[in-house]
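A.B. asks: What follows is each chain in one-letter form.
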Amino acid sequence: MLVNRRTALKQALVVSAGLALLPACLRKTAPASITLKNIAVDSEGESMLALLADTLIPTTSTPGAKDVKAHLFALTMVDDCFKKEDQQQWTAGMKAFSELSEKKTGKSFEKSTPEARAALLGELEKAKAEDGGAAYFYHATKRLIIQGYTTSEYFLTKVQVYELVPARFHGSIPVKPASRRTA
Amino acid sequence: MANLNTSAQDRTFDAIVIGSGISGGWAAKEFTEKGLKTLVLERGRDVKHLKDYPTTNKYPWEFQHRGQIPEAIRQEAPVVSRCYAFKEDAMHFFVKDKEHPYEQDKPFDWIRGYQVGGKSLLWARQTQRWSNYDFEGPARDGFAVDWPIRYADIAPWYSYVEKFVGISGNKDGIDILPDGEFLPPMELTAVEQYFKGFVADNYKDRHVIYGRCAHLSEPQPIHTQQGRVQCQKRNLCQRGCPFGGYFSSNSSTLPWAEKTGNLTLRPHSVVHSIIYDDKKGKATGVRVVDAQSKEMIEYYARIIFVNAAAINSNLILLNSTSSRFPNGLGNDSGVLGKYFAFHNYRATIYADYDGFPDVTTEGRRPTSAYIPRFRNVKKQETDFLRGYAAGFDTGRRSWRSNDGFGTSLKDQLFNEETGNWYVGSHMMGETIPKESSQLTLDQSKKDEWGMPVLHINIGYDDNDEKMIKDFHEQMEEMYTKAGFKNIRTGDSKQAPGLDIHEMGGARMGHDPKTSVLNKWNQLHAVNNVFVTDGACMTSTSTQNPSLTYMALTARAVDYAVGQMKKGEI
Chain A
99 MLVNRRTALK QALVVSAGLA LLPACLRKTA PASITLKNIA VDSEGESMLA LLADTLIPTT
159 STPGAKDVKA HLFALTMVDD CFKKEDQQQW TAGMKAFSEL SEKKTGKSFE KSTPEARAAL
219 LGELEKAKAE DGGAAYFYHA TKRLIIQGYT TSEYFLTKVQ VYELVPARFH GSIPVKPASR
279 RTA
Chain B
15 MANLNTSAQD RTFDAIVIGS GISGGWAAKE FTEKGLKTLV LERGRDVKHL KDYPTTNKYP
75 WEFQHRGQIP EAIRQEAPVV SRCYAFKEDA MHFFVKDKEH PYEQDKPFDW IRGYQVGGKS
135 LLWARQTQRW SNYDFEGPAR DGFAVDWPIR YADIAPWYSY VEKFVGISGN KDGIDILPDG
195 EFLPPMELTA VEQYFKGFVA DNYKDRHVIY GRCAHLSEPQ PIHTQQGRVQ CQKRNLCQRG
255 CPFGGYFSSN SSTLPWAEKT GNLTLRPHSV VHSIIYDDKK GKATGVRVVD AQSKEMIEYY
315 ARIIFVNAAA INSNLILLNS TSSRFPNGLG NDSGVLGKYF AFHNYRATIY ADYDGFPDVT
375 TEGRRPTSAY IPRFRNVKKQ ETDFLRGYAA GFDTGRRSWR SNDGFGTSLK DQLFNEETGN
435 WYVGSHMMGE TIPKESSQLT LDQSKKDEWG MPVLHINIGY DDNDEKMIKD FHEQMEEMYT
495 KAGFKNIRTG DSKQAPGLDI HEMGGARMGH DPKTSVLNKW NQLHAVNNVF VTDGACMTST
555 STQNPSLTYM ALTARAVDYA VGQMKKGEI
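Residue numbers (our numbering), protein chains in the order written: chain A, 99 to 281; chain B, 15 to 583.
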């Protein structure tokens, strides 16, 4: 009898573990493509970030933020370098951002039209990070995506060349007349 | 460990050097060149020049966090995380807080580099000489004790080490900051040149000069013989330099010592104490705890140099007790661990300048301009003692607007705008060593190597606060008159220690009753033990101290070997 009870207990544990996993299974979400230690962002969240990156710094004749994986850099930074309370604010803000998109357009950010996405970002541009919620998420993410883009291999080899070995310092040289670069 | 089976004879050397940093490296070089079999003990791991600089050739995008320290590490190591150089590219060269705990009465940020080469891999490489105005300070102003040496005693040794190290500098002919053996200077910027001229025209005793630094601007045969080549102006020094462009023990003194065949380097060696023989009236060796196996091993030598870095050198001496020295080796006076001091780096002042709109800088420069001390130099002028030097750095600001999104944002990111010049300065203030500023041992707590835990009691005083105020006032006046705009003063309130210029505790002096070391950096009471790192400093003055440690070390080795040959040691 004792053995049976043990077995029963074990089975019960297995069942409850399965139940705990169930909601996640039902939603059929996959994990993000990079390992996250502190924040919960799944593949859906990752694609939304990729789209946000591409909306902020789009692919044109030159690579955009999504092409250089600036959204994954942003995710890594939030996961590794943000304080716990900022991580919480960011993940809550990410949810608020999705909800705001639904509210404004009736559709998720990804299913919205480019025009609707632009309208949403235009609105968030006017808000400040301190306003919290979606505005915090937007501005914190934008800052990281710009950082990731402007320190990417593409940017530092093709746009603003980083020299590992400059081998020179000039204290006073004429400012070169700026020639506009096509982005 | 094989050491347990080695005979005492195998563990006997002519000289033992405790520490492989900037001063220990020099002791090793000097002893081995003079033919002494020398054991260098280093508590950390080995770091071989070129081979052990894992990040040295990495591009910015190769750092996962673009240089930033992950939050988990910051939380676990708040002290070292406050250090300006503790970034993703060099964090492997710093001691994390829990790796060597200590106690603080008031906040003291103890920044350490436990590896072969120590902090010489990480230093800021500024190399300004002291002058008699510095050495005569305590005697003139009535604090600490009189330095037992003057500029004339150390000047030839400054020259000696400068030639080998390679110092880029300009002969400025200023008595407060004597000229040295210089390789050519790098350039000042247009705004630095302007400010230099402005200050010369408007202030009789104030100077803006090129900050002398340990970089090979034009290597000489003595440098190429070390395998070092011209500084490539990468400004990535803290990673270890593949060119040997700046001086470190790893690139210079240690490989040089190794070539003599007289060097034995033992990493992972935490020195527990110096062995004192009551009958001989001398130190006979050191007790080492192997950092990995934790076993204790003794090594023996005729001469012992303590170069563990200021705080750890105090710790070793305080822990070296015997019936003759119950309070620490050579501590008859009771001053060992006391009169500890540092440099006050709290104050900054930044501004913009709209002059020179047509010119800018190009490339990178591993130094900046420097303003030697001008306060209370020739006579007492203020209601505080001593004064401050200042770094002075300028550059052309460039910026991009991050406003908006889409193609307009991308266009902004692609097209950087040139802004005004920025000017910035930070103070390097002399602090007054006080008896109450003290390092002690907490015998109730032992660290993992069986060493008592170090207890630090030091803080800022009224003199420091007055000096900060004066720095802000004087610099603001100079900035304003020079036409700099948007002046912002700052006080970081950073804890002592973050300057990484901790000094004293085993000060030099004439009198054994009030000092630990004599004019040769030799313990008054134990003539075969010398301390030539920051622990020996009687006062701090304002200069970055490493050059002085190197000169004092070479001088002390020369003396010690001379004494040994005469049979005195």
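In short, the hints are calculated from the structure, not lab data.
Some hints here could point you the wrong way.
[Said to hold, decoys possible] Capping the alpha-carbon separation at 20 Å, the derived lysine-lysine pairs in PhoX-like fashion look like this: (1) K294/B <-> K579/B; (2) K181/A <-> K202/A; (3) K112/B <-> K294/B; (4) K72/B <-> K256/A; (5) K101/B <-> K181/A; (6) K495/B <-> K218/B.
A.B. asks: Now tell me, hint by hint, if it's right for this structure.
C.D. replies: Here is what the structure says about each hint:
With a C-alpha separation of about 18 Å, the suggested pair K294/B and K579/B falls inside the 20 Å cut-off, and the hint holds. A C-alpha spacing of about 31 Å is found between K181/A and K202/A, which places the hinted pair above 20 Å, so the restraint is violated. Among the hinted pairs, K112/B with K294/B is inconsistent with the structure: their alpha-carbon atoms are about 40 Å apart, more than 20 Å. Proximity of K72/B to K256/A is assessed by CA-CA distance (about 17 Å); at most 20 Å being required, the pair is judged to hold.
Our distance criterion of 20 Å between C-alpha atoms is met by K101/B and K181/A, whose separation comes to about 17 Å. Using a Cα cut-off of 20 Å, the hinted pair K495/B and K218/B holds, with the two alpha carbons roughly 15 Å apart.
The structure shown violates the earlier hints numbered 2, 3.
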